[in-house]
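Line by line, the protein sequences give chains A and B.
Take the first sequence: its position 66, counted from the start at 1, is 66 in this note's numbering, and no numbers get skipped.
With positions in the second sequence counted from 1, the corresponding number in this note's numbering is that position plus 1000.
The set of hints was computed from the structure by calculation and includes no laboratory data.
Treat the hints with care, as some may be off.
[Claimed, not checked] Heads up, simulated SDA-like pairs for lysine to any residue below, C-alpha to C-alpha not over 25 Å straight-line:
{"no.": "1", "chain 1": "A", "residue 1": "Lys5", "chain 2": "B", "residue 2": "His1608"}
{"no.": "2", "chain 1": "A", "residue 1": "Lys179", "chain 2": "B", "residue 2": "Phe1558"}
{"no.": "3", "chain 1": "B", "residue 1": "Lys1272", "chain 2": "B", "residue 2": "Gly1183"}
{"no.": "4", "chain 1": "A", "residue 1": "Lys5", "chain 2": "B", "residue 2": "Gly1546"}
{"no.": "5", "chain 1": "B", "residue 1": "Lys1531", "chain 2": "B", "residue 2": "Tyr1513"}
{"no.": "6", "chain 1": "A", "residue 1": "Lys52", "chain 2": "B", "residue 2": "Phe1558"}
{"no.": "7", "chain 1": "A", "residue 1": "Lys24", "chain 2": "B", "residue 2": "Leu1597"}
{"no.": "8", "chain 1": "A", "residue 1": "Lys5", "chain 2": "B", "residue 2": "Pro1551"}
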Amino acid sequence: MDLNKRYTPQTWPDHPETATLEGKNKFVGFWLLLAAETVTFASLFATYLALKDKGPSGMEFSASGLFELPLVFAMTMILLTSSLTSVYAMYHMKNHNFKAMQAWLGITVLLGLAFLGLEIYEFNHYVHLGFGYTNSAFSSAFYTLVGTHGAHVVFGLSWFIALMLRNAKRGLNMYNAPKFYLAALYWHFIDVVWVFIFTVVYLMGVIG
Amino acid sequence: MSSNSQKKGFGATIWDYLTTVDHKKIAILYLISGGFFFLVGGVEAMMIRIQLMKAGNDFLSAGTYNEVLTMHGTTMIFLAAMPILLAFMNAVSPLQIGARDVAFPFLNSLGFWLFFFGGIFLNLSWFLGGAPDAGWTNYASLALASEGHGIDFYSLGLTISGFGTLIAGINFLVTIINMRAPGMTYMRMPLFTWTTFVASALILLAFPPLTVGIFFMVFDRLFGANFFDVTMGGNTIIWEHFFWIFGHPEVYILILPAFGIFSEIFAIFSRKRLFGYTALVFATILIGFYGFMVWAHHMFTVGLGPTANAVFALATMIIAVPTGIKIFNWLLTIWGGNISFTVPMIYAVAFIPSFVAGGVTGVMQAIAPLDYQLHDSYFIVAHFHYVIVGGVVLAILAGTHLYWPKMFGTMLSEKLGKWTFWFFFIGFHLTFFIQHFLGLMGMPRRVYTFGADQGWDLFNAISSAGALLMAIGILILLVNVVMTVMKGERVGNDPWGDGRTLEWAIPSPPPFYNFAQTPLVRGLDPYWIEKMEGNKEGMVYAEPLGDIHMPNGSFIPFVISLGMFIAAFGAMYHTDGHAWALPVLIGGLAITFGSMLVRSLKDDLGFHVTKEELIADNERIQREARALEGGKKGGLK
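Please construct the entire structure, taking both the sequences and the accompanying hints into account.
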């Protein structure tokens, strides 16, 4: 692979992420990794459902009493929007428009940071209410499930930032196009998991 | 770049192996470290059998016995059987599909070093305050109450090595999906590659639940979480579910590659194509599929209720069907074949009745009401040793003989191999057959001793004598290995004479780029087809000779794994209130994530082997082959 080869939107392939064997391998491998991640989160969800509202006798916390939808709804909207902006970034990546891609990725990162900030605020709020990690089986399961998702958000954001800084000066080539594509794919996965968390943890929690 | 012919210093060789991304060298690393852990697990097994040799023995204390028993199971499954099978997968399956390397050579190396550091971490428990002692299944109700750090060594060690295995699984899946040579369709893939493929898919989907379960264990023990603590609302059965959702597919992760090795052996040494190839492939896939639906048969006595027990009992019995299909296909492959009883073939023939015996007792246990009688008795011990030793270990021994020439370019002695076989095979049946009856007589699993009045003395003594025979067999194998390495007699491409698949069409060991030209595959058993059509050159090719792109070696996988190894110590000693523990945890993670960042940001484009270098290397290979040929005519054999 020649990194010095210059592409124009006309010579840039339709699917740069799978135009090389390395790209193809990464593409398939990453989807398989997401399969493993899916099983991981399925296990965490199952545990959460088994341990929901379970605690020592006389525990004062329950999902219906604890969670409040407005904040979580805002977080959901922010994360869904960030998924959309990453789609725009990939649209420009496929059109070999590096500047526009960087700009949309930048917006994605800002939205991701906003989500993360709200999540930290939310956890902090619960801890101040006395609902700490060691409080009960319910709290352990809740923080582990939602916290694992949060750790994925941190990793995804770090990945985006590292790629943007690393390639800021040299633009797109066949070597880094698959990397951008996979980071965006990872971001979608994080978003999909959050949709399930919003439904299973928060909506079903508030309903009772 | 033709490194094969150059003599290198000791330090340079070590550095080469620390940084290699070549699947053939990684295979050797897996074989050596897996073999080492196999010996460690074997010594632990011998200690168990010495302790149980007679009633009221005091060779081991009760506590030490629990540690030895736990470490025997854990070591054999995670650190011996799986890595040795991964050694064969690495050595052979890329060659069988005509690939120059795996899809992710860097990750291949990372997978190995994670396994290696995880295994070392787990075994360091012996020297740092005591090994895990809650059984290899590590049930939470026992494990949470275990004092010291044994269980933490188990949890953190298996987490690290589990990541390595997951990475290896993804790597093989992508390699087989994307890197098959032209003409190598799915239904022309050799059975060993097929079983590698399905076992990798099982690794992909089975390891995450184990990782999650182990994380819960770590959080409960080290960070005050309450997943399994009933007084805090936790549920100890969650561990059992996760462990067996992993644990049952795990036995298929082990047995499927074993089936693959035996399938190759039956075809090669019967000089016939596999009978019912298509049926064998679909049976493999079905076994993989059903493997995920039977985990609760390990939990019949937990009290999940008659409906759950009935469903899981039925699903378990169904698995016997594809397994039976395989057995009959192998028998019909031998049937009417031109059989040569080499060491691998003897193992393969001995495997059939041994494994069938294990399968039959498996179906007995699938009958839930009967399982209430058999549960936690020596009958279970006998059963799973019949399938694991009679299936997986026989395959490992057979595979070692079969693929040794391809991995090292020399032949293990057939004569010593037969001695190993007879000692091991007789010892194996002597050890475990009688344990069925001990179980039916009421002897429970995992007891460190028994009374003289219980009537179990004689059978236990016989069982221990059998274990001694197995140990002698393995010692003979070690002698065999040392003698073969010392002699260093080189062999050609196809040392067994009847190789059918692509790995036998290239030199032993192959050059680091495997195939100078990608072969064109014209059917099942491609090399056999070319031989039968009198192709002197070995293969037909899908491309003209040209530059080959190869990956660079890297030290980063070692560093990433080392970081996790360091971090695990920090996490573990954090609970003891050591001030240095938290910095060590953070520092270790910083090393891991920092080196991942370096890997991500630093361009690594690999290098090219030029056409001229390939031609020169090919001349060397031809020269060596002629020398070998001449040596044979001179009567050196």
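Violated constraints from the hint list, given by number and in increasing order: 6
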